[in-house]
Amino acid sequence: MAKESNQAISRKPESAMKHILSFVLMIAFTAASFFLVMSDAVPSGWVIPLLLIFAVVQVFLQLFTFMHLDQKGSAYYTIFIIFGIFVAVISAVGILLM
Amino acid sequence: MATLIVLLVLVLFLAAIFTGGYNRQFLERMRNSRTWDWLTTVDHKKIGILYLMGGLLFFLIGGLEAIFMRLQLFAPGNDLFVGRTFNELLTMHGTTMIFLAAMPLIFAIMNAVVPLQIGARDVAFPFLNALGFWLFFFGGVLLNLSWIFGGAPDAGWTSYTGLALNQYSPGPGVDFYVLGLQIAGIGTLIGGLNFIVTIINMRAPGMTFLRLPLFTWTAFVTSGLVLFAFPAFTVALLLLMFDRLFGSNFFDHAMGGSTVIWEHLFWIFGHPEVYIVILPAFGIMSDVISTFSKKRLFGYNSMVFATVLIGFLGFMVWVHHMFTVGLGAISNSVFAVATMAIAVPTGIKVFNWLFTMWGGEIQFKTPMLWAVGFIPTFVIGGMTGVMLALPPADYQYQDSYFVVAHFHYVLVGGTVFGLFAGIYYWWPKMFGKMLNESLGKWHFWTFLIGFHLTFFPQHFLGLFGMPRRVFTYQTNVGLERLNEISTIGVAGMLIGTIFFLVNIIYTLRKGPKAEADAWGLGRTLEWSIPSPPPEYNFAQTPLVRGFDALWVEKEAGNKTMTPAEPLGSIHMPSPSYIPIMMSLGFFIAGFGFIVRGIPAAVFGLIIVFAALFLRSFDYDRGYHVEPEDPEKGGKE
Ligand code: HEM
Ligand SMILES: [Cu+2]
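Those protein sequences? They're chains S and L, same order as listed.
Numbered according to the numbering used here, the first sequence spans residues 1 to 98.
Numbered according to the numbering used here, the second sequence spans residues 99 to 734.
Honestly, I wouldn't trust all of these hints.
[Claimed, not checked] Computed from the model, here is a short list of chain S residues facing chain L with C-beta under 10 Å:
hint	residue
1	F80
2	A88
3	S91
[Said to hold, decoys possible] SDA-like, lysine to any residue: derived pairs with alpha carbons at most 20 Å apart:
hint	chain 1	residue 1	chain 2	residue 2
4	S	K18	L	S714
5	L	K539	L	L551
6	S	K18	L	F715
If you are wondering where the hints come from, they were derived from the structure by calculation, not from laboratory data.
In this text, a Cβ means the ideal position worked out from N, Cα and C, and glycines have one as well.
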């Protein structure tokens, strides 16, 4: 087991640039979200849809750069991420519908 | 700010006095001192002991609060602790027991045992492990500082925002709840993550998932629940923090917010949380019962299945805490059915324990007593749970002492008995000393009797109409006698706890040394190495050849495990002061926010970022040790 996990860690080296780039992007999206809410730059009906779009983009950035969903890993990642999405969906549906 | 600087100088002075003054060797001496060793340790065994001490400390504080409450309720119209003070006691008791006693004690046993049970030399992320502990500890201290700085939180451990917003609970009390738990919660989340990765990645060769001891399995599922449940609480606390500190209106209905959102978020976390604290107890019971019955665990596969199923269903039942909110008949029915479904896997477990004992050579050592006491007690709690799960009936029980009786039967009779069983069972492994058996038995019997005396009457108090969370009741409504009995019972639990403390102190000084296989009945890997284990645990990683790995070898006539690798130098992680520094930063920041001292908050956050920075550019790769050969005069 110990050996296997070492191999899993030493897949191909990743560039630091990619991480920094997506980190900067995520901060930018967060700042933009705050700006949207605080300023009157966009009509108020647009605020929530835009926020949702920003959020989804951030989720993908997070999943692919920091959680390595783009690499072929073990099934564990997938299991845990699917279960996480499942819990999130149940909770959101529960709160919104009830 | 000034206070902080004064404190800092004071600490430096004290350090200087206790270590013999400042001079060139000061840093050197500090590095070599025992205290520094413990403050910077990343060894899972030491962190386990730290969690144990922290958890026990808060267990005593929470217990004291409970005693105060029961004293107040001893007689009708009593005026010992009334009004706000009583609310503070009740809030702090619940919060302390769940977050600062049960959780860390579980992490204590997980830290002490899981790596050993899977044949690993450490957890996957030793640094994070230390960070998790220190965040828990500083979060807990912050929460308890509320007693001195302007009053404790008083809105219940559930902190419903109809009670917790500024206009309903003025003063800093609830802010301490919010920030203290936020900090402790980050620590818990980190800890959970660490154990998931450890159990997936660090198993010894041959230790497949279906050979994991049951305690490790429950630790795994519990960690998964922590990972998915705590974020809901983090979000809820963050929103409440904004409402209270920065004037937002998430929960204020007068401004278009909704208090029901808090209830949802809290219970989406809260119900999984009760399973987080009970599953490890199930695991401990399974290991203890099979060991002291000298039998393989009955129905291992179904036990694993039941554990996973309970974890899974645990996320779909939270509304059973909100039946009376008025969400409608359909959602109440759906969640009622889901709730009752959980009783099925729970029942599977109970039967498997009974069948494990059936026909076994049972030895009633202290851990086994706790396990046997646990089964009927927990079953009573489970039954009242199913009663509460019926919405029409719950309209009657809700917010009465019946609920209090239910959750104490499962939390004390389940979790606390489980933790005591685990502590007695693995104490020799953690400390290398056996705990005294007769003191242990006194502890068990006084605690068991006291417990039932306290909580059994509370079922009836509830049915007779006594609401929970009230500080008094009237004469001549039939509540006096049962309340009296309930308070008297507390003495039993108090005496039991004192026996336990005496036992600890006595055995740490005089106790007999523990063998590697301390009970002589060990089935799992932790009993194949010395007690306490050397810092690297396994001189050679063992080769696992079946479920109950050590027992398999014993059956085959071998005294020890077959090694899976030659003897060689072992890589160890270096100790680090960064976890405690970062947690201190969070602590200062949290305190700053609470007293609305933004400079102090910023100062704390700067410490946090400095710690992050140091850690990011820390290229320390650890060091190597040469293990002692167990066959040539090693410490076995
Ligand atoms: C058979 C399994 C169980 C069922 C069906 C069940 C059901 C319920 C229900 C319906 C309530 C809400 C009562 C009300 O507020 O009116 C409740 C409360 C509670 N349960 Fe359970 N329960 C079960 C097991 C557990 C376990 C294992 C624990 C913890 C170890 C636990 C801890 C609690 C706590 C702490 C509360 C009270 C929360 C509060 O309002 O402060 N329960 N239970
Ligand atoms: Cu529940």
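Here's how the hints hold up against the structure:
1. For S/F80, the interface hint holds, since its Cβ comes within 10 Å of a Cβ in chain L; the closest pair sits about 8 Å apart.
2. Interface restraint check: S/A88 against chain L, minimum CB-CB distance 9 Å, threshold 10 Å, status holds.
3. Interface hint at S/S91: satisfied, since its Cβ lies 5 Å from the closest Cβ of chain L, which is below the 10 Å cut-off.
4. At roughly 17 Å between alpha-carbon atoms, S/K18 and L/S714 fall within 20 Å of each other, so this suggested pair holds.
5. Our distance criterion of 20 Å between C-alpha atoms is met by L/K539 and L/L551, whose separation comes to about 18 Å.
6. Using a Cα cut-off of 20 Å, the hinted pair S/K18 and L/F715 holds, with the two alpha carbons roughly 19 Å apart.
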